[in-house]
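A.B. asks: These are the residues of each chain, in order.
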Amino acid sequence: MSQIKSFFSTRWGIVSVGAFIGVFAALLQKLGNPGNMGICVACMERDIAGAVGLHRAAVVQYMRPEIIGFVIGSLVAAYLFKEYRPRAGSAPIVRFILGIFAMIGALVFLGCPWRAILRLAGGDGNAILGIGGLVAGIWIGVLFLKGGYNLGRTTRTYPSVGWLLPLVMVGFLILMFIFPQIPDSESSGILFYSIKGPGAMHAPLFISLIVGLGVGFLAQRSRFCTMGAFRDLILFRQAHLFKGVLALLVFAFGTNLVLKQFNPGFTGQPISHSMHVWNFAGMLVAGLAFTLAGGCPGRQLFLTGEGDGDAAVFVMGMIVGAAFSHNFGLAGSPAGVGPYGIAAVLVGLLVCLFIGFTMMQKMV
Amino acid sequence: MEKIIDARGLSCPQPVLMTLDQIKRSGKGRIEIIVDTDTSRENVTRAAESQGWRVENIQPEGDGYKIGIAKD
Numbered sequence: 081m082s083q084i085k086s087f088f089s090t091r092w093g094i095v096s097v098g099a100f101i102g103v104f105a106a107l108l109q110k111l112g113n114p115g116n117m118g119i120c121v122a123c124m125e126r127d128i129a130g131a132v133g134l135h136r137a138a139v140v141q142y143m144r145p146e147i148i149g150f151v152i153g154s155l156v157a158a159y160l161f162k163e164y165r166p167r168a169g170s171a172p173i174v175r176f177i178l179g180i181f182a183m184i185g186a187l188v189f190l191g192c193p194w195r196a197i198l199r200l201a202g203g204d205g206n207a208i209l210g211i212g213g214l215v216a217g218i219w220i221g222v223l224f225l226k227g228g229y230n231l232g233r234t235t236r237t238y239p240s241v242g243w244l245l246p247l248v249m250v251g252f253l254i255l256m257f258i259f260p261q262i263p264d265s266e267s268s269g270i271l272f273y274s275i276k277g278p279g280a281m282h283a284p285l286f287i288s289l290i291v292g293l294g295v296g297f298l299a300q301r302s303r304f305c306t307m308g309a310f311r312d313l314i315l316f317r318q319a320h321l322f323k324g325v326l327a328l329l330v331f332a333f334g335t336n337l338v339l340k341q342f343n344p345g346f347t348g349q350p351i352s353h354s355m356h357v358w359n360f361a362g363m364l365v366a367g368l369a370f371t372l373a374g375g376c377p378g379r380q381l382f383l384t385g386e387g388d389g390d391a392a393v394f395v396m397g398m399i400v401g402a403a404f405s406h407n408f409g410l411a412g413s414p415a416g417v418g419p420y421g422i423a424a425v426l427v428g429l430l431v432c433l434f435i436g437f438t439m440m441q442k443m444v
Numbered sequence: 368m369e370k371i372i373d374a375r376g377l378s379c380p381q382p383v384l385m386t387l388d389q390i391k392r393s394g395k396g397r398i399e400i401i402v403d404t405d406t407s408r409e410n411v412t413r414a415a416e417s418q419g420w421r422v423e424n425i426q427p428e429g430d431g432y433k434i435g436i437a438k439d
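Sequence order for the protein chains is A and B. Take 81 as the starting number for the first sequence in my numbering and just add one per residue. Take 368 as the starting number for the second sequence in my numbering and just add one per residue.
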């Protein structure tokens with residue numbers, strides 16, 4: 081067990097986890113998930129918000145089993161390797177707000193960092209702008225970290241505190257079984273389903289769930305984080321996590337080539353638009369918010385599984401942020417940025433800067 | 368003289384930042400860092416080794432670990 085435990089903290093550990101995610105994300109696309117969206121934490125949480133009716137954008141409603149799998153897979157790994165640490169209380173409201181604007185920024189670009197890399201691996205040139213914005217946002221966040229930005233310490237708490245969001249996820253899965261998808265119907269009981277658009281495209285439930293569980297398990301072990309990858313590179317010149325991201329890109333690209341899913345270009349890309357400035361700016365806000373919150377959307381799900389109640393609050397913030405995005409017309413679509421998307425990006429940037437500048441304290 | 372850093376309750380990159388800060392200030396000697404997650408333990412030891420410090424010992428401390436690093 082201790083050998084397995086140490087393997088994942090090595091270079092080959094993180095590389096193999098990135099490779100696993102890359103291959104299976106591309107395969108999920110082949111099995112029904114939307115283009116270049118084999119796995120996208122932001123998009124999938126947005127679809128979950130739609131499935132429970134927090135927003136009513138008819139094309140993005142589906143209870144994505146991958147997200148449920150991420151949290152539960154991480155929880156299982158944390159218990160198995162005795163790393164479950166129930167903790168909470170480090171500025172939850174700040175994390176909630178950061179989650180909201182992280183989601184708003186990501187949905188202007190149309191993807192979390194994972195999807196940005198998958199889009200690049202599928203040939204979508206617009207992803208370059210998104211990844212550029214992501215790195216710029218993380219770079220600004222690093223300046224705050226160097227200046228002493230800190231959300232304060234967590235405290236240990238009851239084990240059941242860490243169970244709450246995983247239990248919500250189990251509840252969501254049970255709802256899917258009680259109210260399964262009905263062909264050509266927009267709803268089933270209390271759940272909403274899409275009959276067209278990306279929300280209607282999904283791999284079979286059990287395959288999605290099993291891949292999600294596998295990714296959650298492995299990512300908990302290896303601490304895979306796309307934001308951390310760039311942050312550590314900028315902050316410490318340390319490339320450990322970055323190798324995982326690189327492996328994800330290379331293996332998703334290779335799998336796409338084999339499956340004939342690689343289509344280079346800027347126009348006509350799946351669930352993508354070419355408003356370069358706003359692709360960049362949207363991801364800049366998202367990258368800054370992830371850095372201030374200490375993890376990319378995926379990592380926040382895995383931390384939730386380890387018992388981190390503050391990461392769980394960030395996840396809830398993202399789901400609520402998705403509802404705002406679609407209710408207020410902020411999210412992008414293949415037609416471009418939503419009517420109020422640009423204003424939302426600017427507000428998001430101001431909010432993140434406010435949080436960064438006012439929460440600096442050397443050595444709390 | 369031995370320095371002690373209490374990074375419990377802080378999530379990464381804070382424990383690493385605190386460790387690197389102390390490494391820069393100490394130059395050499397011995398530093399003890401107390402962390403409470405395995406991620407922090409891995410990150411702190413990785414950062415210390417990248418600075419040419421050696422990890423002398425890692426002991427359980429409460430729910431976490433006490434990491435001793437040193438450089439002559």
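Hints should not be assumed to be uniformly reliable.
If you want the ones that stay clear, here's a sample from chain A, every Cβ over 10 angstroms from chain B, calculated [claimed, not checked]:
| no. | residue |
| --- | --- |
| 1 | F87 |
| 2 | L225 |
| 3 | L244 |
| 4 | F252 |
| 5 | Q261 |
| 6 | I262 |
| 7 | L315 |
| 8 | L339 |
| 9 | G345 |
| 10 | H353 |
| 11 | M396 |
| 12 | L426 |
If you anchor each label on the Cβ, the simulated ranges turn out as follows [what the hints assert, rightly or not]:
| no. | chain 1 | residue 1 | chain 2 | residue 2 | range |
| --- | --- | --- | --- | --- | --- |
| 13 | A | A423 | B | G419 | 43 to 51 angstroms |
| 14 | A | Q83 | B | Q426 | 52 to 60 angstroms |
| 15 | B | D388 | A | Y238 | 30 to 38 angstroms |
| 16 | A | L430 | B | G396 | 42 to 50 angstroms |
Source of the hints: derived by calculation from the structure; they are not laboratory data. In this text, a Cβ means the ideal position worked out from N, Cα and C, and glycines have one as well.
A.B. asks: Which of the stated hints cannot be reconciled with the structure, identified by number in ascending sequence?
C.D. replies: Violated hints: 2, 7, 14; rest satisfied.
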